[in-house]
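Let the hints inform the model, and build the full structure from the sequences given.
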Amino acid sequence: MTDAATNMRVKLPITCLILQIILIILFGTIVQYDSDTDAKEWHEHIHNGSKDADNEFYYRYPSFQDVHVMIFIGFGFLMTFLQRYGFSSVGFNFLIAAFALQWATLMQGFFHGMHGGKIHIGVESMINADFCTGSVLISFGAVLGKTSPVQLLIMALFEVTLFAINEFILLTALGAKDAGGSMTIHTFGAYFGLMVTRVLYRPNLEKSKHRNCSVYHSDLFAMIGTIYLWMFWPSFNSAITAHGDDQHRTAMNTYYSLAACTMSSYAFSSLTAHDGKLDMVHIQNAALAGGVAAGTAGEMMLTPFGSMIVGFLAGIISVLGYKYLTPILEEKLKIQDTCGVHNLHGMPGVLGAIVGAVTAALATPDVYGKGMEDVFPDIASGDFTASVQGVRQAISLAVTLGIALLGGLIVGFILKLPIFGAPSDAICYEDSIYWEMPGEESHDNQLTAVRTEEVEKLNG
Amino acid sequence: MTDAATNMRVKLPITCLILQIILIILFGTIVQYDSDTDAKEWHEHIHNGSKDADNEFYYRYPSFQDVHVMIFIGFGFLMTFLQRYGFSSVGFNFLIAAFALQWATLMQGFFHGMHGGKIHIGVESMINADFCTGSVLISFGAVLGKTSPVQLLIMALFEVTLFAINEFILLTALGAKDAGGSMTIHTFGAYFGLMVTRVLYRPNLEKSKHRNCSVYHSDLFAMIGTIYLWMFWPSFNSAITAHGDDQHRTAMNTYYSLAACTMSSYAFSSLTAHDGKLDMVHIQNAALAGGVAAGTAGEMMLTPFGSMIVGFLAGIISVLGYKYLTPILEEKLKIQDTCGVHNLHGMPGVLGAIVGAVTAALATPDVYGKGMEDVFPDIASGDFTASVQGVRQAISLAVTLGIALLGGLIVGFILKLPIFGAPSDAICYEDSIYWEMPGEESHDNQLTAVRTEEVEKLNG
Amino acid sequence: MTDAATNMRVKLPITCLILQIILIILFGTIVQYDSDTDAKEWHEHIHNGSKDADNEFYYRYPSFQDVHVMIFIGFGFLMTFLQRYGFSSVGFNFLIAAFALQWATLMQGFFHGMHGGKIHIGVESMINADFCTGSVLISFGAVLGKTSPVQLLIMALFEVTLFAINEFILLTALGAKDAGGSMTIHTFGAYFGLMVTRVLYRPNLEKSKHRNCSVYHSDLFAMIGTIYLWMFWPSFNSAITAHGDDQHRTAMNTYYSLAACTMSSYAFSSLTAHDGKLDMVHIQNAALAGGVAAGTAGEMMLTPFGSMIVGFLAGIISVLGYKYLTPILEEKLKIQDTCGVHNLHGMPGVLGAIVGAVTAALATPDVYGKGMEDVFPDIASGDFTASVQGVRQAISLAVTLGIALLGGLIVGFILKLPIFGAPSDAICYEDSIYWEMPGEESHDNQLTAVRTEEVEKLNG
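Chains as they are written, first to last, in my numbering: chain P, 3 to 462; chain Z, 3 to 462; chain G, 3 to 462.
Source of the hints: derived by calculation from the structure; they are not laboratory data.
Treat the numbers as computed from the prediction; the structure is a model and nothing was measured.
We put the CB at the ideal spot given by N, CA and C, even for glycine.
Warning: the hint list may mix true and false statements.
What the hints assert, rightly or not - Here are the computed lysine-lysine pairs in the PhoX-like style, where the Cα-Cα straight-line distance is at most 25 Å:
#1 Z:K372 / G:K53
#2 G:K120 / Z:K53
#3 P:K372 / Z:K42
#4 P:K53 / G:K120
#5 Z:K372 / P:K372
#6 Z:K372 / G:K120
#7 G:K372 / P:K53
#8 Z:K42 / Z:K120
#9 P:K53 / Z:K120
#10 Z:K53 / P:K372
#11 P:K42 / G:K372
#12 G:K372 / P:K120
#13 Z:K372 / G:K42
As the list claims (entries may be wrong) - DEER-style ranges, computed between Cβ atoms:
#14 G:V369 / P:I27: 16 to 26 Å
#15 Z:T387 / G:L176: 49 to 59 Å
#16 G:K211 / P:I16: 51 to 61 Å
#17 Z:G384 / G:M116: 29 to 39 Å
#18 P:E46 / Z:K120: 39 to 49 Å
#19 P:I167 / Z:G115: 48 to 58 Å
#20 P:P379 / Z:G51: 17 to 27 Å
#21 G:N50 / Z:G384: 20 to 30 Å
#22 P:G441 / G:G30: 44 to 54 Å
#23 G:P329 / P:E46: 47 to 57 Å
#24 Z:K418 / P:V393: 55 to 65 Å
#25 P:G441 / G:K53: 56 to 66 Å
#26 Z:I23 / P:V393: 28 to 38 Å
#27 P:L408 / G:P329: 16 to 26 Å
What follows is the structure in structure tokens.
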């Protein structure tokens, strides 16, 4: 069932092995335990009065695990909605995430400050690596069903690199705040992926249209992904905020944003259907937009009230995007966005960036007190006014869009190289190109008939 | 496929939007960060010697996330056992939980003490809101398949309110202890739901009988819900107990209660079948009764030994309930209890309340030491004897049953109003009334045939 | 559909009830709260200056819950890959785990030191009980589909006992280190199970061959198990290591080992297929070998670099094992290993043990500093040199293999007793022997046709 182009026997092993060997060599050369993971250094801290409970592990590991679940179960199963692409959705998600998190450790370590020529790693770098991986998986959603695993690994290679550059510009050079990644993760991942899928435009994709839809149980599998993303988004947005009130507040703001978003998603899903029926696509995706949109401002004093307004709007925007904008993007702009990442990550990410800029510009010492040092250190130190912080946030959004679109353009053209084994237009959204397939369910029914007979005979 | 009555196009959006807008307005008016989530206030604590590690977030957030998984994955997937109601089970669970947790924040905040006219919120209120939501989802189990989403939202609106009143009477007025909610959550939710489904009695429900059963894969989806509820019940019961030994002990007691319950559930499931075969209904539900029954006494010095006895009995009661009592309730009392919540939450909840009363009455300073202040502050302070505490626990059970049954009666009649769009007797347990349906699996098989041919042709 | 032999109506209830009643009696006699779960004792600690945050609960409970998910969801769903054995995979996993964790509490408590004739329990003993249970579930994987639930309970009874003896010899008598259980859990469970399945060899098992394979959705259910095991393995390996840097470092080493393992598993899965297609069996299993192989050395100063090499090799060994060794074991050695536990737990466990021995032998004060006391207390105290520690690790592997093989041999012969109700060769891998079966999916499609008609009629 595989033609020469999509036969992965040489391409995929070579790509995986070369990438992994390079990773191992680089880790051996420049990566070290940080002072919370190194046996000797941590015990020097202990000697100097630290206690084991102060180890960063206890502040962040539960959050890390929640983020980890979002990356591997959340994104992986969210994409299983396609009727015959479940193996690839979960399986390629697994593969590119396993690669991207290693590569991200290096790229983020490189840009975020080497220590004497070495990258120091611990739970915080693990969370950041997972975050960067999330961005790649968002882009994967845009090209889902139309790319080979080799193309995806190559995309991850470049996207992680560009992610780290963009993140460096935003957080270090511009001093922007973006703890939950409305800009760095969602906006970046979405527009990068949209540009890649634009470059990879397939004029004859309607040949695979009958496979680009769900069946009953595939939609239920996808709900596993949705619900896990929804539940753990408070952990995602709060995972790398400052200790104490910051983590606590961010988680709570996100919780209320998501709840409000769910309500507006259901309302608009029903409202925009001619017979009032809910659409699984909206429930699976739009209900999550509240998490995306609270990604920048979640750590600020947005209040539950503000968070709920943001989530409420995000849900509406997202459903309307699925209903009205996606078909236009496909027809007019030739952007074939399989999972509708523009509606779940793109527009809500931009909304989140804007909300973040406005909330930052409104920050006052009266509201933040000494907490200003954690949330906006540059305002607290007097280096910048709140308005300037707001402007820096807005510039960060523009930079992110620019790097994402330009990066996606270039990477899209790289991925067009025929060597990477993309499927032809008529066999997209199809697991059997890349996977050994088990017997069909129909086969199962026949077996069942045989089995029942047989068992009855055996039991007399 | 939808008649006028069940067309949700106007009803559902309006209900969702009005409820959400009211919530947003109320949150804007009377809800504030508590001192652990507010930037300014927390940093004043820090100034006064607190450390970030003292923030309530680190004591409770992991427990909160486990509870959150139980509410959204646990309850949601537990109810996917029906062959054609998976979208509604997970989807309506998601919707009413997203509403209920917001409304519960307000109602519980209102009853549990305003601070200068404001409700203060943080991780503990989030856990309590999820708990209250759990109660609504238990009632949802009783009416599953027979109610529209609008009915469910209206039910949640009233039930949350009554839950908060009952909880206030028990915990504040009566000074009862019920950390895991054997009474406040399980008994209340079950008997409320049973009364609602009694009022909504459908004499011709056998028209939908062929849909009120499972298929192979729907039972596997339901096991996801079961196992998550089972695994995280120790976190549920310990989530709001006092710091230190209390959380630790509660989790451990629940762990052993559940293990023993699983053993007795399997034993009685096999024992009560004429050919000794296990019944998925029992495994999916009765094995959880040990968590319910340890809800009140779990935080007390019940000991693992006592916990195992409680769990062991709960499993037996629950299986026997499914096997012998549910058919009687349906025939004689006209209570159509779709998920058998009486067996999973009702009777085990009452058992848990009784065990709690007895355990409280037996509390001695010799066993509890200084820990008495955490578990039974009124006994420690000398205001009450242990016997009186036991009596107060018993009265609490009676109050809960009274409010649940009366409340369910009234709310049941409200839900009978035809405006809410209940399905007719012949189309219960059917997703396609409320959801856009994907292609059928059978269709998939045809597609597969086409696909295989086509791919082979393409690959020559 | 059940003949006399496999009718469980008497056997299963009696076994469950007797075992549980014995457990309850033993718990009532010899088990007590430890000083972190006992109300009185903990408050005496508080009185003496401890703080609630020092309670072991806060150091270990999040790790415990992750381990718990691996045991019940991870192992349970990993084995649902068989087309008609999903109920038994999840359901028997659930049953034997619920039994084993209680029995393990007693056996491990007995061997690891009684306190005044009593076993003291808390979160650490809960983790250890889950670990021991994991070992039984590994053996379950070897005999999956070919044993009755009664056989499995009897196997668990003996295996837990032998596990505790072996663990005692390794950790206490030999002073070996094995925090993540490469030896105690994986090597032991795998070789024990392999020997049991060897003794239970079925010459006519090809009669059930058509059922010993997966269908599309059963493979997706299995991926839920895989991904959860993969994600939470860092928590597994670090759950009982020392506080601070040890937990932190172990989690991180495992994280990188798994990522590298995933890459090499995909590479070799594709490489060894004649058309380059990925095999779900490899992805579901081999990608996890990196966690197994980091089980002993993960807490040591293995470095991420070393961890990645270990994981990389583990993935390769595991895929090659599935591809080339399993068929040989079955043909030549008559070992019918349903889940291929030799490839996932056996060989990677041995690899992990060897890596642990080498890493221990290379330990220097220069690298570990004061942390040596946590990782290698005997080296720190000067009782042994690093080389001797390495030798003790190697002897531990030999002891484990010996006890596992000998124990499996004896237990295998016990399980051959016809009284336990094993299925005949022609009805292996079949749920319907032990479970009430719901309607078939095919039936569902017929229902659907009926339903659609009916609904349309109703709605005019």
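Results of checking the hints against the structure:
Distance check on the hinted pair: Z:K372 and G:K53 sit about 14 Å apart at the alpha-carbon level, within 25 Å; holds. Under the criterion of a C-alpha separation no larger than 25 Å, the hint pairing G:K120 with Z:K53 is inconsistent with the structure, at around 38 Å. Simply put, P:K372 and Z:K42 have alpha-carbon atoms about 6 Å apart, close enough for the 25 Å limit, and the pair holds. At roughly 31 Å between alpha-carbon atoms, P:K53 and G:K120 are farther apart than 25 Å, so this suggested pair is violated.
The hinted pair formed by Z:K372 and P:K372 fails the criterion: a straight-line CA distance of about 37 Å is larger than 25 Å. Restraint check for Z:K372 and G:K120: satisfied, since their Cα atoms lie roughly 23 Å apart, inside the 25 Å limit. The hinted pair formed by G:K372 and P:K53 meets the criterion: a straight-line CA distance of about 14 Å does not exceed 25 Å. Note on Z:K42 and Z:K120: the hinted pairing holds, with a Cα-Cα distance of about 17 Å set against a maximum of 25 Å.
Annotation: proposed proximity of P:K53 to Z:K120 is violated, straight-line Cα distance about 38 Å (limit 25 Å). In summary, the hint linking Z:K53 to P:K372 is supported, as the alpha carbons are separated by about 14 Å, within the 25 Å threshold. Restraint check for P:K42 and G:K372: satisfied, since their Cα atoms lie roughly 6 Å apart, inside the 25 Å limit. Of the pairs offered as hints, the one joining G:K372 and P:K120 holds, with about 23 Å between alpha carbons and a cut-off of 25 Å not exceeded.
About 6 Å separates the Cα atoms of Z:K372 and G:K42, which keeps this hinted pair within 25 Å; it holds. Between G:V369 and P:I27 the beta carbon distance is about 21 Å. The supplied range of 16 to 26 Å therefore holds. The hinted window of 49 to 59 Å between Z:T387 and G:L176 holds, with their beta carbons roughly 54 Å apart. Taking 51 to 61 Å as the suggested C-beta distance range, the pair G:K211 and P:I16 does not conform, at roughly 35 Å.
Between Z:G384 and G:M116 the Cβ separation comes to about 38 Å, which falls inside the hinted range of 29 to 39 Å. Taken as a hint, the range 39 to 49 Å holds for the pair P:E46 and Z:K120, whose Cβ atoms sit roughly 46 Å apart. In this structure, P:I167 and Z:G115 meet the distance hint of 48 to 58 Å, their C-beta atoms being roughly 51 Å apart. Take P:P379 and Z:G51: their Cβ atoms lie about 23 Å apart, and the range 17 to 27 Å holds.
The beta-carbon spacing between G:N50 and Z:G384, approximately 25 Å, falls within the hinted interval of 20 to 30 Å. A beta carbon spacing of about 51 Å between P:G441 and G:G30 agrees with the range 44 to 54 Å that was offered as a hint. At about 53 Å, the CB distance of G:P329 to P:E46 agrees with the hint of 47 to 57 Å. Distance hint for Z:K418 and P:V393: a CB-CB separation of about 57 Å, consistent with the stated range 55 to 65 Å.
For the hinted restraint 56 to 66 Å between P:G441 and G:K53, the CB-CB distance of approximately 59 Å keeps it satisfied. Between Z:I23 and P:V393 the beta carbon distance is about 32 Å. The supplied range of 28 to 38 Å therefore holds. Checked against the given bound of 16 to 26 Å, the beta carbons of P:L408 and G:P329, roughly 52 Å apart, lie outside it.
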